[in-house]
Every structure is written in C-alpha cells, then in structure tokens.
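Once you've looked at the hints, dock chains Z, A and Y against the given chain C.
For the protein sequence lines, the chains are C, Z, A and Y, in the order given.
At position 114 of the first sequence the residue is numbered 122 (this note's numbering), and the sequence of numbers has no breaks.
At position 49 of the second sequence the residue is numbered 57 (this note's numbering), and the sequence of numbers has no breaks.
At position 115 of the third sequence the residue is numbered 123 (this note's numbering), and the sequence of numbers has no breaks.
At position 69 of the fourth sequence the residue is numbered 77 (this note's numbering), and the sequence of numbers has no breaks.
Possibly wrong hints are sitting among the right ones.
Because identical chains share one entry, a pair is satisfied inside a single copy or across any pair of copies.
Below are the DMTMM-like pairs computed for lysine to aspartate or glutamate, each with C-alpha atoms no more than 20 Å apart in a straight line [to be verified]:
1. K11 x E76
2. K11 x E131
3. K62 x D115
4. K11 x D50
5. K129 x E70
6. K108 x E66
7. K129 x D50
8. K75 x E15
9. K52 x E70
10. K75 x E54
11. K129 x E66
12. K108 x E64
13. K120 x E133
14. K52 x E15
15. K62 x E131
Calculated directly from the structure, the hints in this document are not laboratory data.
What you are looking at is a predicted structure, and each value in this text was computed from that prediction instead of being measured.
Protein chains: 4
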Amino acid sequence: MFKMIIEPRFGDADGLGHINNTVLPAWFEQGRNPIYRLFTPDLKLEQWELTMAKMEVEFIGELQYGKEVEIRSYLLEIGNSSMTIGQEAWQDDKLGVKGKTIIVHYDFNQQKSVPIPKSIKNELEKHLIKGTKEHED
Amino acid sequence: MFKMIIEPRFGDADGLGHINNTVLPAWFEQGRNPIYRLFTPDLKLEQWELTMAKMEVEFIGELQYGKEVEIRSYLLEIGNSSMTIGQEAWQDDKLGVKGKTIIVHYDFNQQKSVPIPKSIKNELEKHLIKGTKEHED
Amino acid sequence: MFKMIIEPRFGDADGLGHINNTVLPAWFEQGRNPIYRLFTPDLKLEQWELTMAKMEVEFIGELQYGKEVEIRSYLLEIGNSSMTIGQEAWQDDKLGVKGKTIIVHYDFNQQKSVPIPKSIKNELEKHLIKGTKEHED
Amino acid sequence: MFKMIIEPRFGDADGLGHINNTVLPAWFEQGRNPIYRLFTPDLKLEQWELTMAKMEVEFIGELQYGKEVEIRSYLLEIGNSSMTIGQEAWQDDKLGVKGKTIIVHYDFNQQKSVPIPKSIKNELEKHLIKGTKEHED
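Excised from the complex, chain C in its bound form (with noise of 0.2 Å):
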C-alpha cells in the first residue's frame, strides 16, 4: 500500500466548511504518483502511457481544512491492459472518502491499449489487496 501525506489548502473547502467533492479526484490523483512511477519512472510527460477509463468517489465523512489527509492507494485487480486502483482519504483516524478508478495502459500513438509488461505486473501485485473487508466493497 502507497501513502501520502496531503495538507488542505484553504481553498479546498468550501461554502460548508469541508473540502470540497471535486479536491477528491485531485487528492486521488496526487496519490497514484508512486504507481505511476512503475510505469514512468521519473513520470516524464512525454513518456505516458496511462489513460483513465472511470472514476468512482465515495464520501462517507467530512474531511476538514487544517488537519493533515493520508491518501492509500493499493490495487484492487490487475487485469491484462487494464488495473483499477482503490484509494482512500483519512483525516483524524477516520475513512472519509473512497476511490476506484480503472486505468488504462495505452499507446497513444496507436490509440489502443497494450498489455502491461510482466515486469510492471509483478511490482503492481506487491500492492494488490484482496479479502479484506474494510478495502473492497
């Protein structure tokens, strides 16, 4: 499992006073840094081969400006071109949100997806979380 430290902007909440829904998918984003690395390793652009197919965010608490957020992220599948990814933002010791989204490994030269090296397959699993409850749903 990656982690993240992220400390809120003031901007990111909003008129309610908690962060704002859309701060998720950018938190989430931020989050998926180390995985991208496996397949960019010093994430330059003009390598990428990675393509999001969906994004699923769930809020189950409200997170707050001035506490600092840990951002997980961990695999949920590997698929042969494709992985979804589970993620999940805690402030306070608490779940406040969950994400999955599936990403593509993608020739964009080609515009098509292509199979995930083995090499890459075998880091991913290192990180590929399954029977636990409190990380599937």
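Coordinates of chains Z, A and Y only, in the frame set by chain C:
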C-alpha cells in the same frame, strides 16, 4: 434535461493535451447548478441542504481545449431523500464523458438525511430520463 | 473590450462563503481566450506561442456563488514582444477583482521572446484602453 | 522562513508540459498555512480573521511534474493591520516562481481591518527577511 455551455480554460488541458480527468467533476458540479436551484433558488450557502454520497465518471473520448463543451444533466432516479443525477459532456457532437452522482437531501444541523419535499420532487420528475439507451448503463 | 460571463461553481466558494482567491487567476485565464485566439485562432496547443511573465490580482470586494460574474479583458500596454492585459471581475454591477498579466510572445523551440506580428498588434490595439481612470492604476 | 515540500499532480501540468500558472496561487496558499496558524492555531474556519488584498506572481523559470517543489514563505513587511508575505517556488535548486501577497487582519463581523496583536507581530518578525537582494524586488 438541463444544458450548459462551458468554455475550457487553457489550464484545463493537461500534459497529454487533453482536458484532465480531475476537471470533469468541477464541470459537472457547475452543470448541476440548475438542479441545486430547485432546492435553494438563489443558491445561498447558508440554506444549503444537499450533500454528495457518490460520484462516478466514465471517460469515453478525449475532450480538448479550444472548443465549447456542452454539459447535459438530468435525473436518473428520484428516491425518498436522495436522487441520482446523470450527466454528460459533449464536444463536437461526440459524447466525451459520462457521470453519475448520488446527492442526498440533508439536514446539516441534525446531521441526517431528510425527505425531498413533494413540490421539488415534481420539478425533478420533469427531468427524469428513463428507457433511453443512450442515457442508461 | 472582451466580455465573458462565468457561472461560479459550488466549490469556488471557500470556507468564508466567498469565491476563493485562487479561483480568480483561472477565471481570468478563461477570460483571455479571445485574446489568445488573436495569436492562435483555433487555440491549438501545438501552435502555442505565449507565456506568462507576471500576474497581479487585486481584491476589492467579495464575490459570491449563485450569481453570474462578468470578466472584462482589455489591453493596457502593447510592447514589441509582450503585452499587459487588464482584467476585471464584476458581479451585481460592482467591481470585485482587478487583474493585470504580462504575457510574452514566445518561441518555445528557440526559448526566446519574439516580436508580436504587426497584424496581431493591429487587432490588439482595438482593445487598448487608456486614459480611463476606472481602468488604470 | 517556512518551507513546505509539494509534490505536483499530473493535472498541474498544462498543455505545454509545464506547471500551469493558475496552480501557483494554490501552492502559495498551501505554503502560507504556517503563517495562518500564527493567527488561528488550529486553522478553524469559524475563527478566521485574514483576507487577501493583493497577490503578485512572477514567473521566472518553468516548473515540471515529476519532481518535488519547495515553497518558501517569509515576511517582507509587517504593518499595523496588514502584512506582505514573500514566497518562492524552487525545483532542482532553481527559483521558478516568486510571489507576494498582501494579507489584511480583518474582522468579518465589523467588516473592517483590525490591528495585528503584538504577540503575533513578534512571531511574524522572526520570519521577516530584509536587505537580501534575492528576496526583494
């Protein structure tokens, strides 16, 4: 169905030259303004009574900077105290992104969901779309 | 003068209930689209030749969610290879925010500024505002 | 001087492959958290008493996705009821962006500026930088 035209900003495109995934939840949020107005006619934050339970965003085609995007919003389901809103982002007559959000009618003082008033339900029902293949999944 | 209507998003308001400061640079960026089009008519990123040297944003009054904002954009100064763009955000007939950006005509391959072509200068000059007390500082 | 490490998000880079201009005000906002804490130790929004009068951002070099950015924040000037905060964004030991914001100590109920308490001034003064050519303009 509610329609809103959005003009992308230069910074909405990411390093791959397409509208970044994290932009869509913000566009869909903007597209829900007319639905929010059914609950809070002048959108006063002090009278707010909606909270998001879940969002799903499905990326079908690439969206680009430099061309208008039409956000279409409608009701997929109207429950007792919650509703499922369907949304679509169109550019060049092509469906680029589909979204679905579950929004709960909520009393922030009592911290609990409350029934959607009948008069608002009647309004929402006018924008309920069912049986159309293009709008359901 | 270029005018653009922007409809604030729920998340644009921050914990104080006003449009957050960090939103304005994005609104102004959107408001500069018609000026960008004078350089790159279809806003193709591959043909981009502008870069920002400086931005200034002055907050005069509070802007709110729930009401349209008008972004006004005009030229304050046109130099050999750069220009100063003035911008304003109006809501309810009140000036809320003023901005100023210095944009450089730039050759990204050669990594240096290049003169603004005469034909574009002529177009820009049509939107040059001077001598008006309300627009200068 | 306050230092904060920020890890860019994929979507922070724009179509030119560099961190978009509009991202910097948000990074600087995050970098001001430790200064905000001198006024509101737990950053509670209900006790907020600061408002921004002006921001300036100067773009010196390009910042990139894939490498950490260090945000440095310090005081340039401490007035009776306002302060000028200087900020810098460094990447790869190079100064990429400089910023300056004027923040006013403000009573939102009375809608007027109020003096900065002496005890807070004392704390702020510890982070006052003057006479250094690199930090002033």
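First find the shortest C-alpha distance between K129 and E66 inside one copy, then the shortest across copies, and answer within, between, both or neither for a cut-off of 20 Å.
neither (27 Å within a copy, 24 Å between copies)
Between K129 and E70, at a C-alpha cutoff of 20 Å, which is it: within one copy, between copies, both, or neither?
Answer is neither: 35 Å inside a copy and 27 Å across each miss the 20 Å cutoff.
Can you give me the call for K62 and E131, within, between, both or neither, at a CA distance of at most 20 Å?
This pair counts as neither: shortest intra-copy Cα distance 22 Å, inter-copy 30 Å.
Within, between, both or neither: K120, E133 at alpha-carbon 20 Å
Neither: 24 Å inside a copy, 40 Å across copies.
Indicate which option fits the pair K62, D115 if close means a Cα-Cα distance not exceeding 20 Å: within, between, both or neither.
The answer is within: 18 Å in one copy meets 20 Å, while 31 Å across copies does not.
Could you figure out if K52 and E15 sit no more than 20 Å apart (CA to CA) within one copy, between two copies, both or neither?
between (25 Å within a copy, 14 Å between copies)
First find the shortest C-alpha distance between K108 and E64 inside one copy, then the shortest across copies, and answer within, between, both or neither for a cut-off of 20 Å.
both (5 Å within a copy, 9 Å between copies)
Is it within, between, both, or neither for K11 and D50, if the alpha carbons may be no more than 20 Å apart?
within (19 Å within a copy, 24 Å between copies)
Which holds for K75 with E54 at a C-alpha limit of 20 Å: within a copy, between copies, both or neither?
between (35 Å within a copy, 15 Å between copies)
Between K129 and D50, at a C-alpha cutoff of 20 Å, which is it: within one copy, between copies, both, or neither?
within (18 Å within a copy, 41 Å between copies)
When Cα atoms must be at most 20 Å apart, do K108 and E66 count as within-copy, between-copy, both, or neither?
Both: 9 Å inside a copy, 12 Å across copies.
Regarding K11 and E76, is the shortest C-alpha distance of 20 Å or less found within a copy, between copies, in both, or in neither?
Result: close both inside a copy and across copies, 12 Å intra and 16 Å inter.
Against the hints set out earlier in the document, violations occur for numbers 5, 11, 13 and 15.
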